[in-house]
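These protein sequences, in sequence, are chains A and B. Residue numbers for the first sequence follow the numbering used here, so the first one is 18 and each next one is one higher. Residue numbers for the second sequence follow the numbering used here, so the first one is 18 and each next one is one higher.
If you are wondering where the hints come from, they were derived from the structure by calculation, not from laboratory data. Be aware that one or more of the hints could be misleading.
All copies of an identical chain are treated as equivalent in the list; a pair is satisfied when it fits inside any one copy or across any two copies.
[As the list claims (entries may be wrong)] Simulated crosslink set (SDA-like; lysine to any residue; CA at most 20 Å straight-line):
#, residue 1, residue 2
1, 48, 235
2, 262, 278
3, 262, 277
4, 245, 150
Protein chains: 2
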Amino acid sequence: MDSSHDIKVWSIRNLIPSTHPRKDTLLVREKLVEQMETGAVVPQGLIAHGRGECFDYLLGERTNAFAERSIEAAAALLLLSSYPVISVNGNMAALAPKELVELSKEVHAPLEVNLFYRNEEREKKIGEILRDAGASEVLGVGIDASETIQELFSERRKVSSRGIYRADTVFLAMEDGDRTEALIKLGKKVIAVDLNPLSRTSMTASITIVDNFIRVVPKLTTRVKEMKNMSKDELQRIFQSFNNKDNLKESLKFISERMSQLALSL
Amino acid sequence: MDSSHDIKVWSIRNLIPSTHPRKDTLLVREKLVEQMETGAVVPQGLIAHGRGECFDYLLGERTNAFAERSIEAAAALLLLSSYPVISVNGNMAALAPKELVELSKEVHAPLEVNLFYRNEEREKKIGEILRDAGASEVLGVGIDASETIQELFSERRKVSSRGIYRADTVFLAMEDGDRTEALIKLGKKVIAVDLNPLSRTSMTASITIVDNFIRVVPKLTTRVKEMKNMSKDELQRIFQSFNNKDNLKESLKFISERMSQLALSL
Numbered sequence: 018m019d020s021s022h023d024i025k026v027w028s029i030r031n032l033i034p035s036t037h038p039r040k041d042t043l044l045v046r047e048k049l050v051e052q053m054e055t056g057a058v059v060p061q062g063l064i065a066h067g068r069g070e071c072f073d074y075l076l077g078e079r080t081n082a083f084a085e086r087s088i089e090a091a092a093a094l095l096l097l098s099s100y101p102v103i104s105v106n107g108n109m110a111a112l113a114p115k116e117l118v119e120l121s122k123e124v125h126a127p128l129e130v131n132l133f134y135r136n137e138e139r140e141k142k143i144g145e146i147l148r149d150a151g152a153s154e155v156l157g158v159g160i161d162a163s164e165t166i167q168e169l170f171s172e173r174r175k176v177s178s179r180g181i182y183r184a185d186t187v188f189l190a191m192e193d194g195d196r197t198e199a200l201i202k203l204g205k206k207v208i209a210v211d212l213n214p215l216s217r218t219s220m221t222a223s224i225t226i227v228d229n230f231i232r233v234v235p236k237l238t239t240r241v242k243e244m245k246n247m248s249k250d251e252l253q254r255i256f257q258s259f260n261n262k263d264n265l266k267e268s269l270k271f272i273s274e275r276m277s278q279l280a281l282s283l
Numbered sequence: 018m019d020s021s022h023d024i025k026v027w028s029i030r031n032l033i034p035s036t037h038p039r040k041d042t043l044l045v046r047e048k049l050v051e052q053m054e055t056g057a058v059v060p061q062g063l064i065a066h067g068r069g070e071c072f073d074y075l076l077g078e079r080t081n082a083f084a085e086r087s088i089e090a091a092a093a094l095l096l097l098s099s100y101p102v103i104s105v106n107g108n109m110a111a112l113a114p115k116e117l118v119e120l121s122k123e124v125h126a127p128l129e130v131n132l133f134y135r136n137e138e139r140e141k142k143i144g145e146i147l148r149d150a151g152a153s154e155v156l157g158v159g160i161d162a163s164e165t166i167q168e169l170f171s172e173r174r175k176v177s178s179r180g181i182y183r184a185d186t187v188f189l190a191m192e193d194g195d196r197t198e199a200l201i202k203l204g205k206k207v208i209a210v211d212l213n214p215l216s217r218t219s220m221t222a223s224i225t226i227v228d229n230f231i232r233v234v235p236k237l238t239t240r241v242k243e244m245k246n247m248s249k250d251e252l253q254r255i256f257q258s259f260n261n262k263d264n265l266k267e268s269l270k271f272i273s274e275r276m277s278q279l280a281l282s283l
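Here chain A stands alone, though its shape is the one from the complex:
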């Protein structure tokens, strides 16, 4: 079982000087730290965010051409799917709750709380955040997560029978490799947002969007709106012509070239 302890957290939102060159980055960090106080974000989620920050920096902190292409393919796949589901963890809920609700409404995909560190209290908090952001229903909270995914151990295998269990496509972000692999083994398609092109999730997903989750979600919603009236054939063509491995290679080449340019400019 988990052991739980009380600790003190100091929010330094008011201590950030307005002139600090990385002010925006610091404010996003404080958002996560503050959501750790509510229990929605776990400490391990902060470490994961740090890894993401690093890759985002290497990617130039912008949505690059390869990411735009994977967003387009993801929009096509979401529109082609009969039952897409959005899997939400603590970091996702803390960073872009309204944007997730909008995407959910636009593609008629339910939101399901699905945590690496499962715990009913946390599920409820995340459910609350999503409902406060406008969600009419949130799956995967408490006994709703009653179905099990055989490939995974312990509490991580619990999913909602109305959600991920019956989904043909799962949209997720910053996910553990084991879990992404389990979903793929079950025959589901996975759209993953992951800043690390080398993570097991990135390598395993059907479509990996190598970009910052905060930038991706609104862009994806916009793209879905734009592509809504396309024919199934056209959407199929876009989805089929997308090669995830090639796209990941492009992102690695981008980082490689950027590092090499930065070395020259030192």
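Given the coordinates of chain A, assemble chain B onto it according to the supplied hints.
Same frame as chain A, now just chain B:
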């Protein structure tokens, strides 16, 4: 002022499967999470650790040739310095307290607690960790940090009159750019351990060791032991022939080439 709140932390040390491919990485993370419970590590320190993890991954999680060279130059500088001081933050104390105490004894450099998020309770905890690891004295705790560094705002400028204030060389790791710049402006030499070759600390320090702090400290202590009997001239030659900018360039080129190779192997 800081606001402080009670939150729950779940340690998952016992939930990590022994077969997990990244077990060691997960255990280091738990060490930090557990030290957040004692107050030694702050949430922002977890995010910083995550950034470090990413760069370590890009560097192949080993001490590369350029890092070996900077460790050699650092050993020379420590042996040449008349009053070197080791600046310790929460993450450093949580990850390698014994190794820091050994380095401190080997180069006769006092340990000084020096926090970005200063707070007497935290200072005391970190002092405790270091004393438990064998330190006979720890500077920078409470009223000992009575001198001020003019370049820095608020609590971050407080240092010990017996430590960083009078040091000619400061050894630090995972440090904020503003603070490293302030130390350099005061005419001090700075040896920085930083996995990000592009951070302001890395760019500003006299010697930057682009490697994982946990690997660096014992290696640096060993190098100091090996070089102890060298003449001042020989040590000077080693230190003078080290060019920090060139070394940082090499680390960037290394990452660039590694990413390009990984892209080919996908």
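Evaluation of the provided hints:
Within a single copy, residue 48 and residue 235 get their C-alpha atoms as close as 19 Å, which meets the 20 Å cut-off; across copies the closest is 36 Å, which misses it. For a Cα distance limit of 20 Å, the shortest separation of residue 262 from residue 278 across copies, 14 Å, qualifies, whereas the shortest one inside one copy, 24 Å, does not. When the C-alpha separation of residue 262 and residue 277 is checked against a cutoff of 20 Å, the pair qualifies only between copies, where the shortest distance is 14 Å, while the shortest distance within a copy is 23 Å. When the C-alpha separation of residue 245 and residue 150 is checked against a cutoff of 20 Å, the pair qualifies neither within a copy, at 24 Å, nor between copies, at 63 Å.
Hint compliance for this structure: hint 4 is the single one not met.
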